[in-house]
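Let chain H serve as the given structure and place chain Z on it in line with the hints.
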Amino acid sequence: MIRSDVLRDIAPIIRDHLVVCNIGLPSQELHLIDDQPSNFYMLGTMGLSSSIGLGVALAQDKKVISIDGDGSVLTNFGTLPTIANNVADNFILLIIDNGSYGSTGDQPTYAGMKTSLTAVAKACGCENVVECQAEDTGRVLQEALDGNKMTIIVCKCESGNIKVPVITMDPVVIRDRFMKTAAG
Amino acid sequence: MSVSQKIVADLVANNIEFITTVPCKQLAGVIDEVEASPAIHHIPANKEDEGIGLCAGAWMGGKRPAIIMQNTAIGVVVNTLVTLTQFYRMPLPMLISYRGELREPVACQVEMAVHTKALLNQLHIPTYHFHKEADAAELDAILKYTFMCNKPVAILTDASFWGGYGDQ
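As you go down the protein sequences, you meet chains H and Z in turn. Take 1 as the starting number for the first sequence in the working numbering and just add one per residue. Take 1001 as the starting number for the second sequence in the working numbering and just add one per residue.
Read the hints as simulated data drawn from the structure, not as lab findings. Mixed in with the good hints, there may be bad ones.
Said to hold, decoys possible - In silico SDA-like links for lysine to any residue, alpha-carbon gap of 25 Å or less:
| id | chain 1 | residue 1 | chain 2 | residue 2 |
| --- | --- | --- | --- | --- |
| 1 | H | Lys122 | Z | Phe1147 |
| 2 | H | Lys62 | Z | His1041 |
| 3 | H | Lys180 | Z | Phe1147 |
| 4 | H | Lys149 | Z | Phe1147 |
If we strip away everything but chain H, and leave its shape as in the complex, we get (with noise of 0.2 Å):
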């Protein structure tokens, strides 16, 4: 399975919860297979989804899910701790690790040679930590949002890429659209 796969399983899940979503493909596909309103795609900024989905988990009570990458996860390092010591129990991290900038060419990031981010997630405090194969990112989600219980899941996955158009909807409609559901 590849990242759109993954996307296609567990858009049924994550339609109804607020979903932070990466930049680039990731965002392009979501956008494409399910497009809602508590849908956040980042256009710009790689490596701020877990950021930005904490902040919005910190400051409202209903369930957030950040959708991020292994290569933006190691571009922007210090969210781990940050996650690990600011415990928002309506916060999921999904971090789809398929060892590849998709976004660029599939040029190989660190996480699919030596470095483990479930490891890394552990080493930085991080308490509910699952590593799942892509097959079981559904069900493993699904048990984390019952859970009520701020989790980190790794999914790996296979790395590759479909053709997907890019995002052309405003930003500040982006934007106003999900602080509606948010507020809602």
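Here is chain Z on its own, set in the frame of chain H:
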């Protein structure tokens, strides 16, 4: 009331409930007041772009944010300010220690100080400079302005404003 207490009182009076900080020696007093305030959720960040991401999320979740950081951070956060805060039109008061100005003991700080206002100007970020303690009287109006216009706004606070570094 100390100047740090006055600053935090203005933040609280403007319903700012979520503050991220990356420390600076000059800001230690105000960060202590932020941490001590029961009205503020204080999240220390490891890097300033992470802090701005947290602030963006908090604002979308319904809480008014602010970030407290050093001016060297301007060199770190240009992309985040442009493609997140400005592109999505989000308000963000940035209380910034203006290192490298008069009374600065560390020469390297001057290297970033000479670029600070030029970068903020290039980014079209409204910028206010507190040099004397009385300048802090404008903070309340600056905060109201920030949340009126949905922009990042910089408040530079130099060593003279904070009373210098003591004996040198």
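So, going through the hints one by one against the coordinates:
no.	hint	result
1	H:Lys122 / Z:Phe1147	violated, 38 Å
2	H:Lys62 / Z:His1041	holds, 18 Å
3	H:Lys180 / Z:Phe1147	holds, 18 Å
4	H:Lys149 / Z:Phe1147	violated, 33 Å
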